[in-house]
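When we follow the working numbering, the leftmost residue of the sequence shown carries the number 323, and every step to the right adds one.
Mixed in with the good hints, there may be bad ones.
In silico lysine to aspartate or glutamate, EDC-like type, Cα no more than 20 Å apart, as pairs [stated by the list, open to error]:
#, residue 1, residue 2
1, K446, D435
2, K423, D401
3, K454, D520
Ranges of calculated distance between the beta carbons of each label pair, as one might list FRET restraints [to be verified]:
#, residue 1, residue 2, range
4, T515, S492, 23 to 33 Å
5, T562, K355, 18 to 28 Å
6, T515, L399, 37 to 47 Å
None of these hints come from the bench; they were simulated from the model.
Where is the CB? At the ideal position from N, CA and C, for every residue including glycine.
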Amino acid sequence: GYELTLTPNHGLYVFRKNRFQWVAAANIRNGDKLFFSSPLVSIIYSKISFLSLLPETGVYVPNSGAFIFELKHHKNLSDSKIGKILGIQKKNLYHYKYDKKALPLSKLFKLFDALDLSMEERIKRVRIVKSKYGELLHLPQYLTQDVLWVIGLIATDGTLTAMIDKRTKSRYVKVRISNSNINIINEAKRVFTQLFGDCGSLSMRSNNNMQLEKGHTLFADILQTHFGVPHNKKSKIVQTPALLFNADPSL
Numbered sequence: 323g324y325e326l327t328l329t330p331n332h333g334l335y336v337f338r339k340n341r342f343q344w345v346a347a348a349n350i351r352n353g354d355k356l357f358f359s360s361p362l363v364s365i366i367y368s369k370i371s372f373l374s375l376l377p378e379t380g381v382y383v384p385n386s387g388a389f390i391f392e393l394k395h396h397k398n399l400s401d402s403k404i405g406k407i408l409g410i411q412k413k414n415l416y417h418y419k420y421d422k423k424a425l426p427l428s429k430l431f432k433l434f435d436a437l438d439l440s441m442e443e444r445i446k447r448v449r450i451v452k453s454k455y456g457e458l459l460h461l462p463q464y465l466t467q468d469v470l471w472v473i474g475l476i477a478t479d480g481t482l483t484a485m486i487d488k489r490t491k492s493r494y495v496k497v498r499i500s501n502s503n504i505n506i507i508n509e510a511k512r513v514f515t516q517l518f519g520d521c522g523s524l525s526m527r528s529n530n531n532m533q534l535e536k537g538h539t540l541f542a543d544i545l546q547t548h549f550g551v552p553h554n555k556k557s558k559i560v561q562t563p564a565l566l567f568n569a570d571p572s573l
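Generate the whole structure from the sequences, applying the supplied hints.
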């Protein structure tokens with residue numbers, strides 16, 4: 323291993339609780355996986371799972387009932403015991419068991435812990451999630467060139483426009499890309515369809531510019547948290563996010 327001497331408040335990029343996050347050096351724990359750009363430190367992961375980029379709250383997994391039945395039969399557990407593991411009352415477990423409601427991602431991770439699933443197995447099993455407002459996000463298993471290309475396009479030729487719904491007081495964000503090149507717009511529509519299930523809406527702007535727009539607060543929050551794309555203003559300086567330093571060079 324390697325020894326690093328750091329000030330207590332020095333930020334380190336850590337994989338903890340199934341996601342990437344910044345942690346002060348003073349709060350590093352045994353077992354944390356650290357990501358560095360230094361060639362002196364060995365690479366931990368070469369692939370970045372999309373699952374690890376999701377926030378801990380406000381994300382739900384539809385059609386998770388099969389996982390509950392798997393836990394029930396694999397571990398021979400009663401509904402009461404499964405409810406205790408997931409932090410769900412027995413009377414409410416029915417709704418998740420029979421896919422009446424989407425299971426919160428945080429509770430699904432508890433279920434996966436009980437099944438002793440590896441990270442690789444979790445990545446394969448969670449292929450679609452949604453926000454509490456129903457925005458669907460189709461998860462590639464790992465970050466791809468297509469996804470990173472569209473993220474770069476949003477950062478340079480787009481905006482994340484946050485708004486407040488006057489009726490519900492909830493926040494939502496529109497992802498927008500503006501460009502005059504139809505080939506670029508069509509490629510962005512293709513990637514949007516892969517991620518969201520539809521390509522969004524297209525409108526003509528001034529100077530022959532086209533604007534592609536998709537309302538998707540969950541995806542916008544991922545871009546802000548992990549890629550530094552700001553809300554409500556143009557990205558004037560785009561830095562390479564730390565999570566890409568140890569990624570596959572082809573990305």
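Which of the stated hints cannot be reconciled with the structure, identified by number in ascending sequence?
Result: no hint breaks.
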